[in-house]
Structures are given as structure tokens and as C-alpha cells.
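So the protein lines, in turn, are chains A and B.
The numbering of the first sequence is numbering that gives the first Met the number 0, which starts it at 0 and goes up by one.
The numbering of the second sequence is numbering that gives the first Met the number 0, which starts it at 0 and goes up by one.
Worth flagging that the hints you see were computed from the coordinates, not collected in a lab.
All C-beta atoms in this analysis are idealised placements derived from N, C-alpha and C, irrespective of residue type, glycine included.
Check the hints yourself; a few may be wrong.
[Claimed, not checked] Covered stretches of chain A, going by a simulated chain B footprint (3 or more residues, C-beta under 8 Å):
#	segment
1	17 to 23
2	47 to 54
3	67 to 78
4	191 to 197
5	202 to 213
[To be verified] Pairs of lysine to aspartate or glutamate, DMTMM-like flavour, derived with a Cα cap of 25 Å:
#	chain 1	residue 1	chain 2	residue 2
6	B	385	B	375
7	B	134	A	55
8	B	134	B	124
9	A	134	B	55
10	B	385	B	124
11	A	266	A	410
Single-letter residue listing:
There are 2 protein chains.
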Amino acid sequence: MSEPAARRLRPCLPGPQLSDNRSHELRLRSALEEELGESVSFPLSMLPPLARALPDSNWSPWATVVHDICGWRLAHVSATEPGPLLGLAVDLGSTTVVFYLIDLAGGHRMGNRSYPNPQRAHGEDILERILFARKEEGLLTLQREVVELFNSAAQELCSAASAAPEDIHYVTVAGNTTMIHFLLGLAPSHICREPYLPVANRIEPFKPGEIGLNINPEGCVYCFPNVGSYFGGDLLAGIIASGMHKSDEISMLIDVGTNAEVILGNKDWMVACAGAAGPALEGGILACGMRAQPGAIERVEIDSATREVTYRTIGGEAPKGLCGSGIIDLLAAMFAAGIVDPTGKLQPSAAHGRIVEINGTPAYIVAPAEETAHGEPVYITQSDIKNLIRSKGAMYTILNVVIQSVGISFEDIDHFYVAGAFGNYIDPQKAITIGMLPDMPLERFKGLGNAAGEGACSALLDRQVFSEVEEVCSRITYLEMNVRGDFMNQLTAALFLPHTDLSRFPTVRRQLAHLF
Amino acid sequence: MSEPAARRLRPCLPGPQLSDNRSHELRLRSALEEELGESVSFPLSMLPPLARALPDSNWSPWATVVHDICGWRLAHVSATEPGPLLGLAVDLGSTTVVFYLIDLAGGHRMGNRSYPNPQRAHGEDILERILFARKEEGLLTLQREVVELFNSAAQELCSAASAAPEDIHYVTVAGNTTMIHFLLGLAPSHICREPYLPVANRIEPFKPGEIGLNINPEGCVYCFPNVGSYFGGDLLAGIIASGMHKSDEISMLIDVGTNAEVILGNKDWMVACAGAAGPALEGGILACGMRAQPGAIERVEIDSATREVTYRTIGGEAPKGLCGSGIIDLLAAMFAAGIVDPTGKLQPSAAHGRIVEINGTPAYIVAPAEETAHGEPVYITQSDIKNLIRSKGAMYTILNVVIQSVGISFEDIDHFYVAGAFGNYIDPQKAITIGMLPDMPLERFKGLGNAAGEGACSALLDRQVFSEVEEVCSRITYLEMNVRGDFMNQLTAALFLPHTDLSRFPTVRRQLAHLF
Numbered sequence: 000m001s002e003p004a005a006r007r008l009r010p011c012l013p014g015p016q017l018s019d020n021r022s023h024e025l026r027l028r029s030a031l032e033e034e035l036g037e038s039v040s041f042p043l044s045m046l047p048p049l050a051r052a053l054p055d056s057n058w059s060p061w062a063t064v065v066h067d068i069c070g071w072r073l074a075h076v077s078a079t080e081p082g083p084l085l086g087l088a089v090d091l092g093s094t095t096v097v098f099y100l101i102d103l104a105g106g107h108r109m110g111n112r113s114y115p116n117p118q119r120a121h122g123e124d125i126l127e128r129i130l131f132a133r134k135e136e137g138l139l140t141l142q143r144e145v146v147e148l149f150n151s152a153a154q155e156l157c158s159a160a161s162a163a164p165e166d167i168h169y170v171t172v173a174g175n176t177t178m179i180h181f182l183l184g185l186a187p188s189h190i191c192r193e194p195y196l197p198v199a200n201r202i203e204p205f206k207p208g209e210i211g212l213n214i215n216p217e218g219c220v221y222c223f224p225n226v227g228s229y230f231g232g233d234l235l236a237g238i239i240a241s242g243m244h245k246s247d248e249i250s251m252l253i254d255v256g257t258n259a260e261v262i263l264g265n266k267d268w269m270v271a272c273a274g275a276a277g278p279a280l281e282g283g284i285l286a287c288g289m290r291a292q293p294g295a296i297e298r299v300e301i302d303s304a305t306r307e308v309t310y311r312t313i314g315g316e317a318p319k320g321l322c323g324s325g326i327i328d329l330l331a332a333m334f335a336a337g338i339v340d341p342t343g344k345l346q347p348s349a350a351h352g353r354i355v356e357i358n359g360t361p362a363y364i365v366a367p368a369e370e371t372a373h374g375e376p377v378y379i380t381q382s383d384i385k386n387l388i389r390s391k392g393a394m395y396t397i398l399n400v401v402i403q404s405v406g407i408s409f410e411d412i413d414h415f416y417v418a419g420a421f422g423n424y425i426d427p428q429k430a431i432t433i434g435m436l437p438d439m440p441l442e443r444f445k446g447l448g449n450a451a452g453e454g455a456c457s458a459l460l461d462r463q464v465f466s467e468v469e470e471v472c473s474r475i476t477y478l479e480m481n482v483r484g485d486f487m488n489q490l491t492a493a494l495f496l497p498h499t500d501l502s503r504f505p506t507v508r509r510q511l512a513h514l515f
Numbered sequence: 000m001s002e003p004a005a006r007r008l009r010p011c012l013p014g015p016q017l018s019d020n021r022s023h024e025l026r027l028r029s030a031l032e033e034e035l036g037e038s039v040s041f042p043l044s045m046l047p048p049l050a051r052a053l054p055d056s057n058w059s060p061w062a063t064v065v066h067d068i069c070g071w072r073l074a075h076v077s078a079t080e081p082g083p084l085l086g087l088a089v090d091l092g093s094t095t096v097v098f099y100l101i102d103l104a105g106g107h108r109m110g111n112r113s114y115p116n117p118q119r120a121h122g123e124d125i126l127e128r129i130l131f132a133r134k135e136e137g138l139l140t141l142q143r144e145v146v147e148l149f150n151s152a153a154q155e156l157c158s159a160a161s162a163a164p165e166d167i168h169y170v171t172v173a174g175n176t177t178m179i180h181f182l183l184g185l186a187p188s189h190i191c192r193e194p195y196l197p198v199a200n201r202i203e204p205f206k207p208g209e210i211g212l213n214i215n216p217e218g219c220v221y222c223f224p225n226v227g228s229y230f231g232g233d234l235l236a237g238i239i240a241s242g243m244h245k246s247d248e249i250s251m252l253i254d255v256g257t258n259a260e261v262i263l264g265n266k267d268w269m270v271a272c273a274g275a276a277g278p279a280l281e282g283g284i285l286a287c288g289m290r291a292q293p294g295a296i297e298r299v300e301i302d303s304a305t306r307e308v309t310y311r312t313i314g315g316e317a318p319k320g321l322c323g324s325g326i327i328d329l330l331a332a333m334f335a336a337g338i339v340d341p342t343g344k345l346q347p348s349a350a351h352g353r354i355v356e357i358n359g360t361p362a363y364i365v366a367p368a369e370e371t372a373h374g375e376p377v378y379i380t381q382s383d384i385k386n387l388i389r390s391k392g393a394m395y396t397i398l399n400v401v402i403q404s405v406g407i408s409f410e411d412i413d414h415f416y417v418a419g420a421f422g423n424y425i426d427p428q429k430a431i432t433i434g435m436l437p438d439m440p441l442e443r444f445k446g447l448g449n450a451a452g453e454g455a456c457s458a459l460l461d462r463q464v465f466s467e468v469e470e471v472c473s474r475i476t477y478l479e480m481n482v483r484g485d486f487m488n489q490l491t492a493a494l495f496l497p498h499t500d501l502s503r504f505p506t507v508r509r510q511l512a513h514l515f
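Bound conformation, chain A alone (with noise of 0.2 Å):
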């Protein structure tokens, strides 16, 4: 049976007689100790409104306990029926950051919502943030805005439930290493340079008012620890997501993006590992990538005889771009069609005229100028395609290095799971096909959506996850991509479509035989 991270109570206590003249705090406590199992922590701020509850309930009084970094604190009571037990669980991205309202007492969602992260005006990039938070008053300018994103989300989603935010007693936070740094006010200088130290690891769950959050002031704000600057709570929160932590069965998630993060393991032992896979995969550096936003090409076929190009778009709406998903579906219908070949080299023999010459480089037409939102083509140019496959490479390469160094094979990996927005729209086959996935059974692979989101939601609603956390943190061991030399190596051997070695993609080349 799990229990939320805050408990509302209503202890029925013994009347004060001369028989039993404890304080009234004692005697909430002993009541409150019984029913929880456990040592209840009162601070002094509780003790004026406790005074006023106990005899003011018939000693009978509502008391709201949260869970703290030694045990369970009393963080609210009161002789009247207070408004609902409320945890915010939220999912700090550099790009978003997505907010989930939950009724503790319920365990159910109440709602959610996404916001763009404010601190996109600095940077979209995180090292344009880092450098932003260098200049005077910046770091605090990157504070305040995210604190008070979180004070109007919290504001927005409690109306909506008709609730209010002294409702919120407990908020879970899942971000990257940088994200959790400028949330806190703690200087990312060491971050991005060289040996990579955060400012902390492990935050201890602190009041809200600390860093300016309006939900009830003696709440609590719990941060998911990160395990290095390039290795954030996100990952830990997407972690306790896929449940591999408490699995006797091998698992492999990872996370894909400008790094792509991966961890290896399960109950009894994890490895994890993040290297920079660079921005292609995202579609960020591509003459015509986009984000997954309506209008972002997401899903690329083309037919093997007619050469002819199918797509969709999110929303339906007329093609501007191509995002993350519709980028991988393209390259790997392009190998299929032999319009690529293994080397990355575009084939103007096999494209039936689609491949142009746009500002000086060979590039392959996915959607004509007539077809798109904004009456220019949308295409992939040679060098998108280098590009991309040096992204696919390094993370397929970065899989490789933490199967070898824990001296398994990808046959042994039960579960593969893919998070991040990305994980949920890409399509495993495409990515086997151009050699980014190992060439695993399908069914093993499973999106995990929102993972972090997912993970900072579970925390809320089972305080087990904070000690589950605190163990996975403890065992986990991290490989630093930059201190181990035979990535190059790996990495020239991954540079190809699939992979120079092709055994390593059986199903690949039984698919593609024509190709080979």
C-alpha cells in the first residue's frame, strides 16, 4: 500500500483530565506517532495554531503531515475542515515545463497543464543560459522567472480545480542538473566545463518560501537529486517511471536529445551514461528541422516502387519542418529506397528528381513549395544527413559502450524504454533500420512518455520513491563518455547506415537485402 508524501488525519484524542495532563502537544503527537507508525516532527511554528485546534475541535482537529527529510512533519492543523491535501508534481524542462495538480487524499489527477519555459528569452540553448546567468542579477533573473511561472501554474491549476494554493502542501520537482540549478539560485558555472561539478547532487527538501513559491508556507518542495551535471533528476524521476529499479529483469532506458542519456540495470545493479549525441536527432541544426509543434512533419513514408512521398504532420496542418520523428522515419525510408546509401551519400538515380541543388548543396525534397505552409520546400540536405548520422552513431555508440562495460550483449535487455516527447513518437523499426537503435524485438522497446513528469507525479502519491531515489542514487555508476578512449573508435564504426558490421542488424539486412 503506498502513501502520499503529505496525510491529512483526524485523530479523536483523550480529553486533558488531571489523570492525563499532557501538553497539547503531546497529545496530538502520541495520537499522530500511533497512526502513522512513526515519529512526527513539530515544529515550532505549529505550536500557537495547535493550541488553538485542540480544544477549539472538541479535540478532534485536522492535522496535515508532510514527509520531510527526517520523517514526517506536522505542516498544518486546524479545528475547521481545511480546503483539499493537494502535491504539485512538476516537469522543469529547458524547453517546457509541465504541471500536474494531484489530490493526495484521492491519488487521482486533477489536472495539468504546459508552459513554454520563460527562460527561453535567454537562450533556447542551456549553455546560452549558464552564460546568461553569469551577468549581474542574471542567475536571479533566471530564478524568478521559473519561480514565478510555478506560482501563476499552481494559481491556474488550483482555480480551475476550485482550490486555492495554500492547498498544496507538498511539490515534487523533476529537471536536468542546469534546470534544478537556476530553480535553487545555485551558480551553473561548473557545470559545463571541465571536470562537470554541480554546485549539489542532493537536495534536501526545503520550505517553499526559501525560493519565493506562494503554495501553504509550511509545505514542502522536494527536488529529484541529479547524479552529475549531465545526468539530472529527470532521469532519475524517468527511472522510477519504468519501475527497472525494482526489476529482476535487465532494462536500458534512454533519453534522447542534444545528449542522449541512457541508463543500463535493475534491482540489483544500474550503470548510466551521457554523451553528446548533438542536436541533430531534435532536428535543431537542420535547414529545415523544426520542433514537434503543429506543421512539424512527424511521419515520413516512401513507397519502394513508386518512390512516391507520404507524410504527416502534427495537427494535421500544412508541413513547415520536419521534427525528431518524422527526421528518423525520413532517413530510414530514404535508405530502404536506396535514395541514401550506406555511407550517408544521397543517390539522385534512385530519387526520381526530388534531389535539388538548394543554395549550393545536394538536397532531398520531401514536401514541394506548393504543399507547405509557407510556399518554400521542405528538405534534407546532404549535410543534414552527415549530420545525422554522426547523431545516430554516437548514440548507438554510447549504448555500446555501457553493454560492453558491464560485459552483456543487447540480446540481454528485456525492456528498452525510450522517454522524453520523443520517445512516444519515434518509431523503433525506423531507428533499427538506420542503425540509431539496436536491433532488438519490437515488443521489447516501449515509449515512456513524459517520464520525468510521470516520475515526479509517483513520488507525490508514494513516499517510498524518495528512499527508492536515494538507494538508485547510491548504486548507480556513472561512466564519464570523456574519460574512455575506445568511443572514437566505436563511434567510426557506427558512421554508417546501418552499422559497418552489419551482424549487429540481422533483421536489417534480411529487410534490406536488395540493398547489400
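Given the coordinates of chain A, work out where chain B should sit on it, guided by the hints.
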């Protein structure tokens, strides 16, 4: 080896490198935990200074930890050597407040000062102050006055020691239940009426800012808990000072005052009791009673042959009145000389003309007008004596009830501690003569001096004391005198000098055989 409640360490941390890129926080935490052998809490507020102090100190920062509710907590970290590590112990009496400044690193006292409790402006008697606390702003006023005293005393003691109040990282406070309630701003209204409920028995350590103390803001304040409305932290501190809670031998600890408080026990068991003895023993309500200040008669003898009175005053000044120890001496001497009979009645025939009528009541002249400071005689009236006998009888009865409750007799008591300023001045032989204290070998009596202050000091220098106090609290059995039917019967028997049952006072019977 005792360990103080706050410690300063200067660990040598391994410098950061790719193969050890733990955060600043984890790097320092690991070093401190290894040195302390316990986990250390790192509050959010410590992270920014920590991020600066580690590199600036070339990975060898100064760190101060305080022992808080759930173990060690980081309270200060810097790249340069901070001021001395100080603690402040406070005996928060209703009349006098005594402060001790302690060097926690060296383990010695740097100074101490006493101040009158400023709350006396609202009533010498605690009850008057409780009534004042009920008025608008009353409680706030009482709290502000005592907190201001703490702040000015800390400032003065630090100045004298060439230190600053920010150097104080720990404060321990021993006071009775009401004094602690005033200090913390807790309404004392239930303390003084049946069934005598304090707001809180156990006060968890808190940060100084919570009550406006101007010491190091990350420091810690500890108040000794109370066992009940009439059994406060001052007595628990006294138990600690006596060491009775760690001894195999049986001890009795009494604090004599308007309320007589008694603890009986050893390392295995402990019973406690408090009861009204009346203010007579402190000189409070006597015609010529006064506090133990210069000019107070503190010692009295009456020559058994000549009936000549000799006395000694505090400071050797001309007498102004009688303080507690003088009163007990006087009654014992008058009884031994036959000037009062066992029922307390004045015997003019034995008084050599010193019994006169003052304001219509018989009185015995201790110091004639020509010897005194104010030109009025110092005397004791017949009704003073009746009051005294009632008080000493109550005192003895309380001791007896406690003894009986555990089925032992006074002979079984190995150590008899008398706490309070009174305890240092009272002459046990005289107190036995009047039947206030039991007739035990004199060497078993020991004045404890300022036991509350001593206990507060020892908690600063030995953090083990905090758990000893918790343990004593959980083990102590409190006898509510008001619910014991046998008290009044026993009291009646004790309203004689020394007692109706002379077999209880064999040495008195032997010495004063001529009277019986």
C-alpha cells in the same frame, strides 16, 4: 569523550577531476560524514556559500555543524577562518536570568552574567504575568522583553570576550514551563488552571530567527522540555547537573520555593512531584521577609544560655530583613531555645524580652531598630511562624508522599540534592531541626547551586545530554499531588516542630531532649 552540540571542522577535500566530479555539496558532505561518523544535513541556504568556499579555500574550507532535531546540520562554511565557536547557556528564572558564554571548541566558560528578569515589571509572581499575558499584546510584550534581554546579554558577553553574537551557534535554555512558554510566545492560559496543561512538553530545536534572537542565523536553539505545568525544563536540567539519572544509587533532588519540586530515582527509575509549599520559605510573605540581597539576614544563632541573638547579613551590611536561609536558621534557633514550642506558639517566658506586640500581633525581635538599615526592627510574627510551619510541613509531606509512592524510606536515599540559589545557602541541620528536611546524615545533603544553569552548560558541551533528557522525560513518573487523598492527612501530622511523630527525627530528639 563528550562531543559538544556544535563543532567546527576543516576537512581536506580531494580536488575535483574527471574521475571524481562529485558536486561541491557531496564532496564536503562525504568528508564531514566520515569525520563525524554520522549523516549531516545540508540545508538549501548553505549551498551558495558552500559553492564559493570550496574552490576559494583550495578545497579545505572551514565548516561548522550543529546538532539539530535529526542529527548534524551544516550551519556555516567559509574559505577564511571564522570567529570562535561559541555557545550560550541560559538559566531562565522568573526572577533572575543567568547567561553563560561557552567556548565550544575549547570546552571552557568565557564568562557569565546575571540580569533581573525584565518581566518582573508585570508581576513578581508568575500568576500575575500569566494574567498579563492574556491582555492584548501581553504575551507579545513578555516575549519581546525576554528576547531583548537575551540579545543584549549575548552582545555584552561577546563584547567582553572580543567575539561577536554571530559567533554563537548554539543556545540552550533551562526554564520553568511558564518562562519557556513566554520565551516562545506560547499562550500559558491552561498552565495555571486544572488540569494544568502546557501547550507543549517537548520543544524541538529551532532556528534563532524564529523568536528574534540575534545570534548566528543558521545556529540552533534548544529548550529543555517540561514534564508538566509545574515540572519544567529547569528541573530536568537540574537532574542532568546532579547526574542522578546515570547513577546506581538512589538520589532525591528538591527545588525549594513557592512550589516545592521533588525528583526521586536513579538510572533505572524516576518519580517526580511538585506541590505548593507556599511562599513563606522564600521569605515572600513574611512581615520582614526579603530576597537574598545585601542587607538580608542569612544566618541566625541564639545562644542557648543567654538567649543572645547573633546574625550575619549578606554583604555584611546593616540588616534590612530576613531571607530564606535566615528564616530557617531563625526558626530552628527559636525552637532549640524554647522560644517557640512544637506547635509553633511563641513562648514569651523564654524570649528574654524580645517578644513584643507589633501591629496587634506578638512578634520576636531579631534585630532591634538601632541596628538596622532602615531604623525599624527586623522581627518575625506569630502568624509568620504559622505560615512557615505550614510551608515546611508541606515540603516534608511532599517528600514523604514521593518516598512512600515507591515503597522506600528516607534511609535508602544515598544523595539528597538541594537545587536553586536557596540550596547553596540553606543549612541542612537547621532544616532538619524544624522538620522541613528528613533526618538523614548531613553528608548526604549537597547544595547543587545553579543546577539549571549547570545543566544548560553541560548540554552545550556534551550533545549526549539531549538524548539523556529525552530518556529521562520518557522514564519519569509524575505524581499529581492534587489527586492524592493522603496528602492532607499527612500534612496535618507535619504541622509540628519537627513532627508529631518524633521517631522520624531521632537526631533532633536526641539533641533537643530537654524540650520533649
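Chain B covers the segment 202 to 213 of chain A, three or more CB atoms within 8 Å, holds or violated:
Answer holds; 5 residues pass the 8 Å Cβ test.
Go check the segment 47 to 54 of chain A versus chain B for me, would you? Three or more residues, Cβ under 8 Å, otherwise it fails.
With 3 residues close enough to chain B, the hint holds.
Between the alpha carbons of residue 385/B and residue 124/B, is the straight-line distance 25 Å or under?
Cα-Cα ~22 Å, so holds.
For a C-alpha distance cap of 25 Å, please report whether residue 134/B and residue 55/A respect it.
Between residue 134/B and residue 55/A the Cα gap is close to 20 Å, so the pair holds against 25 Å.
Examine the segment 17 to 23 of chain A: at least three residues should have C-beta closer than 8 Å to a C-beta of chain B.
It holds: at least three residues are needed, and the segment 17 to 23 of chain A offers 7 whose Cβ sits within less than 8 Å of chain B.
Hey, residue 134/A versus residue 55/B, does the alpha-carbon distance stay inside 25 Å?
holds, 20 Å
Against chain B, does the segment 191 to 197 of chain A show at least 3 residues with beta-carbon separation below 8 Å?
Check passed, 5 qualifying residues.
Measure nothing beyond the straight line between the CA atoms of residue 134/B and residue 124/B; if it is 25 Å or shorter, mark the hint as holding.
holds, 16 Å
Does the structure keep residue 385/B and residue 375/B at a Cα separation of 25 Å or less?
holds, 23 Å
Keeping to a limit of 25 Å between CA atoms, is the pair of residue 266/A and residue 410/A held or broken?
holds, 19 Å
How does the segment 67 to 78 of chain A fare against chain B when you require at least three residues with a CB closer than 8 Å, holds or violated?
holds (count 3)
In summary, this structure violates none of the numbered hints.
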